[in-house]
Amino acid sequence: MSHLERTISALQERFPHGVLGKAEFRGDITLQIDSASLVAVCRYLRDEPALGYNVLVDIGAVDYSPQEPRFALFYIVYALVQNTRLRLKVLLPGAEPVAPSISGIWPSANWPEREAFDMMGIGFEGHPDLRRILMPADWEGHPHRKDYPLGYEEVQFTFNKREIDARKKYATS
Amino acid sequence: MSQVRELETTVEELKHLFSPRAATGETMLLNLGPQHPSTHGVLRLLLELDGEEVVSCIPDVGFLHTGIEKNMEAKTFLKALVMTDRMDYLNNMGNNLTYCLAIEKLCAIEVPERAQVLRVICAELQRIASHLVWLGTSAIDLNASSILIYCFRDRERIMDLFELIGGQRMMTSYIRPGGVWRDVPAEFPAAVESFLDYLPGKLDDYERLLDKNPIYLARTIDIGIVDGDEALAWGMTGPALRGSGVNFDVRRAMPYSGYENFEFEVPLETGCDVYARYRVRMREFRESIKIIRQGLRLLKPGPFITSDRKFAPPPRAELGRSMEAVIHHFKYWTDGFPAPDGEVYAATESPRGELGCLLAGDGGPNPRRVHFRTPSFNTLQVLSWLSRGYLVADLVAIIGSIDIVLGDVDR
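Going down the list, the sequences are from chains L and C. Following the working numbering, the residues of the first sequence are numbered contiguously, the last one being 190. Following the working numbering, the residues of the second sequence are numbered contiguously, the last one being 642.
Possibly wrong hints are sitting among the right ones.
[Claimed, not checked] Residues of chain C clear of chain L, computed beta-carbon distances all greater than 12 Å:
#1 Glu300
#2 Ile371
#3 Lys443
#4 Val477
#5 Met485
#6 Asp572
[Unchecked claim] Computed footprint of chain L on chain C; a stretch qualifies when at least three of its residues, placed anywhere within it, have a C-beta under 8 Å from a C-beta of chain L:
#7 448-455
#8 604-610
Hints in this document: simulated from the structure, not taken from any laboratory. Just so you know, these numbers come straight off a predicted model, no measurement behind them. No residue lacks a Cβ here, since even glycine has one placed at the ideal position from N, Cα and C.
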């Protein structure tokens, strides 16, 4: 039995209501976790000596609009000694998506969670410093959401320069 | 007036990041960057200083955010490839490779052996080029000014090699889904060989320039100490992590593109300081040279891109003879190819650490979501913790030693 299989059966045994499902795609196993038990699952993964998932590799947010639940957070955790990777998936509703913060377990979750907050508009309960990270502090909207338009700039030529110029937003003093 | 009020709320928002002494004026707040040569790009740091000593350091990123992930969603898988070049501008080939590995995993594309070896050669040449830029810039931060121009001179030879194979110095987009863009010209192996013969002697020179320089040693040894467990907890990867004695290299732990066929060592140093990170990178130069030499030996004639016409264009010669080839050619370049509905994660070892790509398809020719786990973004978090208690001058050495690229941080 590989370390990954051991981990999955240990999690399923310990959290019968927290682990909602298991999916395999292209050889990678993704465990779907209930957002209410995410912190407990992560703490167990890190602290249980037999599991030893001491690294949080990444947090990625995906927008499945117009499906519901709309958002998914993918957590990739890694056990260095056993060289095993596990992917956790947490589904969040489209209205007020909020997940518990795991930055208390792995400090490296701090910035990835801020990025998901900034770009996808997902809140993290218990995050010590939940501010925008890539976009300016006064930015409106969350650019990586599917309903956020892809901006572009009209190309100005000599014949339509004035016409476009009149529509352009310039900084006013 | 309203503008002033807005600024006040911003300071209020940041209050929890400073010590209480900042409010009383006992410590000084200082802005460093974003336009400062020692921040290696457009990194802004908000420093709280007690004299020369850093009490807290708050990195402010996003100045180079170009919406690459968002833009990629609006393009087909193939057209989005060119955007990955522009992410980490010192690791263009590695970015291509990571993204292509994710596509290949998502669509289950087989890559021919020759393409895999070419990819390894390109990735390692890119690692040398990136480390050369790091060596030059981090040394000039510490006032070793002569080394910068030497490093850029040598890097230019790698840029010439890339121009030879991809027609471009930096933004080559040479690595494509299913293989590489085209086969390398006949003179490529000899050109690489001659560069590999040239480099080791130069590296010895650079090492002598720095290792026998008491100022460089005084400014790097015992500066910026982070032990292995802390480094892992903060999400550090790559040479910065291996400088703390943690044996983690994606090429070894989760081999991709045939790295399991290469013999190389993962350099480890236990000093945990700026100097240890410098030593790791200097040794990585030699390992990369070793890998490229093996790659040149493994390079056997054969196809350089998959023969599955859904994922690679047909050869030009076929277009005049086969109707099918014309259809494939047209469909490939206009519609692209559909990818299944699912998510994959592929990772490579970039010169800065683990570069990962979380790719989600939606059944159509465009990605649903492309998310990059970039090493610089994750490593930069540690700076606020790592710089505490050091002098401002040491902070500059620390920034240099974690080797961040702001294009990689902000994407």
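Do the hints match the structure? See the list:
| no. | hint | in the structure |
| --- | --- | --- |
| 1 | Glu300 | violated (7 Å) |
| 2 | Ile371 | holds (28 Å) |
| 3 | Lys443 | holds (36 Å) |
| 4 | Val477 | violated (7 Å) |
| 5 | Met485 | violated (8 Å) |
| 6 | Asp572 | violated (9 Å) |
| 7 | 448-455 | violated (count 0) |
| 8 | 604-610 | holds (count 3) |
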